[in-house]
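Chemist: Listed here are the chains, written in short residue letters.
2 protein chains.
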Amino acid sequence: MSSDKGQTEVRRVGIAGFGTVGQSVARLLCSGRYPNLLLTHIYNRNIQAKKVDWVPRRVVWTDRVEDVLDIGVDIFVELIGGLSPAKEWIEAAIIGGKSVVTANKQVIAKHGAELCTLVRQGGTALGFEAAVGGGIPMVRGIQQGLGSDHLIELVGVLNGTCNFIFDRMESAAVTMEEAVQEAQALGYAEADPSDDLEGLDAQAKIAILSAVGLRRPLTPTDIPTRTIKSVGQMEFRQADKLNYVIRQVSRVAVDNAQGDQVQALVTPALVPKSSRLGQVHGAENIIITRGKWGGESAFVGLGAGGEPTAIAVVGDLLSIAEDTGTSTAMRFPVSESTSRVSKECISRHYLRTPTVLSHGMNSVPDRLKRNGVEVEKTWQESQNSGQSFTLVLTGLASFSVIQETCGEVERDLKDGDQCVWLPILDESPKEH
Amino acid sequence: MSSDKGQTEVRRVGIAGFGTVGQSVARLLCSGRYPNLLLTHIYNRNIQAKKVDWVPRRVVWTDRVEDVLDIGVDIFVELIGGLSPAKEWIEAAIIGGKSVVTANKQVIAKHGAELCTLVRQGGTALGFEAAVGGGIPMVRGIQQGLGSDHLIELVGVLNGTCNFIFDRMESAAVTMEEAVQEAQALGYAEADPSDDLEGLDAQAKIAILSAVGLRRPLTPTDIPTRTIKSVGQMEFRQADKLNYVIRQVSRVAVDNAQGDQVQALVTPALVPKSSRLGQVHGAENIIITRGKWGGESAFVGLGAGGEPTAIAVVGDLLSIAEDTGTSTAMRFPVSESTSRVSKECISRHYLRTPTVLSHGMNSVPDRLKRNGVEVEKTWQESQNSGQSFTLVLTGLASFSVIQETCGEVERDLKDGDQCVWLPILDESPKEH
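Chains G and C, in that order, give the protein sequences.
According to the UniProt record's numbering, numbering within the first sequence proceeds without interruption in unit steps and concludes at 432.
According to the UniProt record's numbering, numbering within the second sequence proceeds without interruption in unit steps and concludes at 432.
One or more hints might be untrue.
No copy labels: a pair is met if it fits in one copy or bridges any two.
What the hints assert, rightly or not - In silico DSS-like links for lysine-lysine, alpha-carbon gap of 30 Å or less:
| hint | residue 1 | residue 2 |
| --- | --- | --- |
| 1 | Lys343 | Lys51 |
| 2 | Lys241 | Lys273 |
| 3 | Lys51 | Lys292 |
| 4 | Lys241 | Lys369 |
| 5 | Lys50 | Lys292 |
Derived from the structure by calculation, the hints contain no laboratory data.
Let the hints inform the model, and build the full structure from the sequences given.
Modeler: See the structure below:
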């Protein structure tokens, strides 16, 4: 350890991608608060249209990424998103001896181990705090703060867009389409919100947290991931009566029954109103950790938005400038193989189907019972349109048997009708 | 940056203090989970009585601290508590070229800046994550995770003992004396619980967080700090009716009106049931941060107990072993002077006095009004004993005017009777 560490050796920072987050990062870097971080380059396609007047004259505006990957930059900030060419640019920067900071969950979820190996070999740093949980320091909190614990479960709300949509459906009784439009108007959802609604965004994030928290790297696409699109106003009304709310939940846990397996899923679910998950509102995110020694901890905050995400990016930049930032890459587990994902999670479940089954057909409760699932409660509800629905609460059952039963039921329904299914995630038993 | 960082260079660890936390740290270090941390020395007074059989034979048991401060140890873990000789031992270790990890909130609150300067000069590391918030990585989360933000307020529940006591008084309707005894039986409170009940423990913790989060070092004893001992069952019943609960709250905030001043306090207070502070139960702790850019974030978890605290100690040890641990000391602001503390916090207030004022004396509401305080509501309540109390809710008023009024009222009361006063801390307006 040398004694001059932490001194203000100035690092030159180049940003690739000048969208919402890139602009917030630039604003922070130009605020005068960080004397050892000097913004020198901004890359974007069609850069002339992107220029702003609040950036100092010394900054080079360019639409050639080669300029930012050149020797004039010490730290490369990747904010273009998507798998390619982002991954190739990050690789080129590392090979060129630069440290890298990225908010790219897809690249880290899929190529994190590979990139971290490259970084270790080169002796630079890779920071990806901004890839998960926006402004909440989840990666640092889990990896360094709780790095000495033996974590056994991570469960959270990791997509601020879905949470905003559910919050609006719950509090303002709007339809999902209306809530999506509101989210788009406020900049919480993109023009094509599929990655959020289908759970792919949360899938990448929980895969990253599994690697850094449980040290179990997962192939993101192995994680059972369910759309939130089937959730309607009916679900919010029923959940409310049962003292639950609906959240898009991401979870990964060590499977005690199966040595190297993990349980993992991303799904809309009923969670108790009074639970930590139930109390996350608007664009907030939360991650709850359960550790063998430290019990339950939780990190909550704004999971989306340019400014919170920029805080995470600049936090990584500061760590690298102060030479304390290599740890992110250091603690990313590198293994040839990823852990196997168990699809056999067990919980209670909520099901809703149109009441259209004709005489002689199997009712949903009958089908469930025949598949060995206990039916706790069943009742009918009508929509304003007059359509009648059958609702069922089950006892404990595995996801696969419920999925199978829903499939059977849907084969009896007319096209477009569906069996809406939400697991009920009551709080796991606490360690203490 | 060298390329061999993060490799498993083994560090020899010596523990001074083999109480609850020391034993949990030793258990973790002997678990085989941390190949680069080697427990070599354990110091305690009367060491023969402390020996346990689950520690490897190589470990030196000693009642001479000089053995642990010797060259055979790389990292000195100070867990004896109290100001002296803990501070002198930490100094001796740093001067001797060792890194230090401590759970000692009193030493860091009072001497943190001085010790961090010493560490910087010597090029070693000082970790004190365990001094605040038990197993919750508050120091790291605030200092590194949110280090790029401009934090303007920190508010939390920082003493697990007081929170446990209040939780029991609320949920089991026991007296404070009974709750203290329960806490002692469970190991949450010491034989002499004064530091917890009088708020001195929380005072030291919020002083540390002010330094690392707001970069405003405070002299701990400057922080207005109020005992929880005056809080009775009557307060819990009234709070419940008003939809509040009672928590020992610690808060520090930048005072916008007064440039370099900060507002700071430790006090029992009414907080909304549905607020983050209100939802912290048992021995849990929470810190809520408000930042100019990142908005509101919160860290929650177990704030007391040997194992959670040991997680924080070993987390610091791992950071030092991986050479990423100097940052704690690096970011501790060193300044000749500490910030001034404003005593002019403003909130609504709850007051309770015995209804014993004779005709012609000023009633509490009258006194409040004469001192310029708006009275929102006043009512009478009787205890089982038949004693009658006058209760008052005020509008917004400064702490000093309420304190003054309580003083006036108490001069009219008979010895032993008091004016119970709790501020009502409704949630601060959120940034987003």
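Chemist: All hints, please: hold or fail.
Modeler: Taking the hints in turn, this is what the structure says about them:
For the identical chains of this complex, lysine 343 and lysine 51 are neighbours neither inside a copy (49 Å) nor across copies (47 Å), given an alpha-carbon limit of 30 Å. Taking identical chains as interchangeable, the C-alpha atoms of lysine 241 and lysine 273 lie at most 30 Å apart whether they share a chain (11 Å) or sit on different chains (21 Å). Within a single copy, lysine 51 and lysine 292 get their C-alpha atoms only as close as 51 Å, which misses the 30 Å cut-off; across copies the closest is 25 Å, which meets it. With identical chains, the CA atoms of lysine 241 and lysine 369 are at most 30 Å apart within one copy only, with a shortest distance of 25 Å there and 46 Å across copies.
For a Cα distance limit of 30 Å, the shortest separation of lysine 50 from lysine 292 across copies, 25 Å, qualifies, whereas the shortest one inside one copy, 50 Å, does not.
Checked against the numbered hints given earlier, the structure breaks only hint 1 and satisfies all the rest.
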